[in-house]
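Asker: Okay, here's what each chain looks like letter by letter:
Protein chains: 2
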Amino acid sequence: MSRCGTRAGCAPLAGATGGEGRKAMTYCCGILVREGLVMMADTRTNAGLDNISTFRKLHIFERPGESVLLLATAGNLSVSQGAIHLLDEGVPDPADETITTRLIDAPSMSAAAHLVGIATRLARTQASEGFEQSGVNFDVSFLLGGQIGGGGMRLFMVYAAGNAIECTIDTPYFQIGEHKYGKPILDRAISFDMELYDALKIGLISMDSTMRSNLSVGLPLDLALLRRDALTLELSIRVDASDAYFRDLREQWSKALKAAHIAIPRPPYGGVQR
Amino acid sequence: MSRCGTRAGCAPLAGATGGEGRKAMTYCCGILVREGLVMMADTRTNAGLDNISTFRKLHIFERPGESVLLLATAGNLSVSQGAIHLLDEGVPDPADETITTRLIDAPSMSAAAHLVGIATRLARTQASEGFEQSGVNFDVSFLLGGQIGGGGMRLFMVYAAGNAIECTIDTPYFQIGEHKYGKPILDRAISFDMELYDALKIGLISMDSTMRSNLSVGLPLDLALLRRDALTLELSIRVDASDAYFRDLREQWSKALKAAHIAIPRPPYGGVQR
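In order, the protein sequences belong to chains A and X.
FYI, the working numbering numbers position 121 of the first sequence as 352, with every residue one higher than the one before it.
FYI, the working numbering numbers position 105 of the second sequence as 336, with every residue one higher than the one before it.
Please note: incorrect hints may appear among the correct ones.
Since the list can't tell identical chains apart, any single copy or any two copies may satisfy a pair.
Taking lysine to any residue and the SDA-like style, the derived pairs with C-alpha atoms no more than 20 Å apart in a straight line are [what the hints assert, rightly or not]: (1) K486 to R443; (2) K489 to S339; (3) K486 to R294; (4) K489 to M425; (5) K486 to S422; (6) K489 to F423; (7) K486 to I335.
Quick caveat, the hints were computed from the structure, so don't treat them as lab data.
Please put together the full structure from these sequences, using the hints given.
Answerer: In structure tokens:
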């Protein structure tokens, strides 16, 4: 069974949601630790602050027991949805357009990342036709994580130009979208050897920091978790404002930060150096 | 006595430090609370990661007992130094260039903010001559805080176009430069009624978060503190890597963050929503 776990995958190729400038400000984060992979994305898109909507940005391609690929998207929504659609239905081979490959049929994770790159270039070209002079930004980026058959579990970031980089154990996470507010906690707390659900927790704290400082990133959140070598999703849920754990996490984190800065003594500085 | 507390103010008008693309990535922060004003800036500039230097970005214009103005700069270094030079020596009146006004002679803080705007436009025009086609970014921004005579203490942000906005008690701080990494702690911890040295402490935590996540912001830091109605600087120091208090602050904050996220329980989530 192949499955594109997203409503967006069924949308028309481009522009259905307003290629005219709907920016997916978005925050997505992927963390690859020894035990497995965590991916998360918010669901807010906006074309100006008066036009805010909810769209799924975390897409699941799965054949349980065989392959699980998680794809998170940031940037222009018409391009990212166009690329998702191609990846779901089949990406034409640049050398022979009669041959198409679906993401779920990619033979390896690096082949899958390459396929996402090709789909991105095609979707950008299709979406930008007619918009050459309009100054619309068709940039997108993707996080692709997962495991295919006996291959290793891997995490890639794919840029708008279609090129990709792979996550390594030294910095075992990638972010796309509005990444800066939530980066300090990842820089401090994530390590390759941490427990998988601790990585999920740190990702949620990073998401909280981002949502507090930027209105364009908002609830609900989509979370997915894939244990190494399981080849079947362990967790895939949507967390909204009514979620008690996430509410508690936000409150505890806020209180702990307050206690932390109160505990630090005031600066002893004095004097004017002329 | 008028004083431009900066080596930069004595530099030639433009390009002396490489108008060809030396970017002041910079992080500056100004906090205006009931008791007074805190301003701080890092000192790192770079024209590529292999060309990192130290430049003062926090400039002091002071007539003790009469006026104290603090000006922090971010963006293109040749433009910001050009503007500082004009503000120190006298900004020509757009209507009559034979009339010049020095920043220290501005009759009010709003007039001073207006003068910074005029100096910015002039310095940008001068710096960009000959660079029209080069794609060099001549954007700059300023934080201007202080108090002049019996007028109120105020804090402005001046944009590259010369326009300005003023800080209000609802969000009593401004940031320029690489502001996102250090914004979450300000959003959570700063309030208008907090003690002045607590505001300085929170500013230092914000600076620490920024330096951890972005190499282009670095030590030493310049700090200045002006108590409301004092009309004389209370604190003006440079903090470098050997500073024991700042070292302890960074370590305590790091430990407290670690303790805070460890104290939060792991997510109880499970299951796959199809």
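Asker: Regarding K486 and R443, is the shortest C-alpha distance of 20 Å or less found within a copy, between copies, in both, or in neither?
Answerer: within (14 Å within a copy, 22 Å between copies)
Asker: Between K486 and R294, at a C-alpha cutoff of 20 Å, which is it: within one copy, between copies, both, or neither?
Answerer: Intra 42 Å, inter 43 Å, cutoff 20 Å: neither.
Asker: Measure nothing new, just compare the shortest in-copy and cross-copy C-alpha distances for K486 and I335 to 20 Å and report within, between, both or neither.
Answerer: Answer is neither; intra-copy 44 Å and inter-copy 43 Å both fail.
Asker: Evaluate K489 and M425 at a C-alpha cut-off of 20 Å and name the case that applies: within, between, both or neither.
Answerer: between (26 Å within a copy, 13 Å between copies)
Asker: Have a look at K486 and S422 and pick one of within, between, both or neither, based on CA distance no larger than 20 Å.
Answerer: Classified as between: cross-chain Cα gap 16 Å, same-chain 24 Å, threshold 20 Å.
Asker: Please work out whether the CA atoms of K489 and F423 approach to 20 Å or closer within one copy, between two copies, in both situations, or in neither?
Answerer: between (28 Å within a copy, 16 Å between copies)
Asker: With 20 Å as the alpha-carbon cut-off, assign the pair K489 and S339 to within, between, both or neither.
Answerer: neither (46 Å within a copy, 37 Å between copies)
Going down the numbered hints, you'll see the structure goes against 2, 3 and 7, while the others check out.
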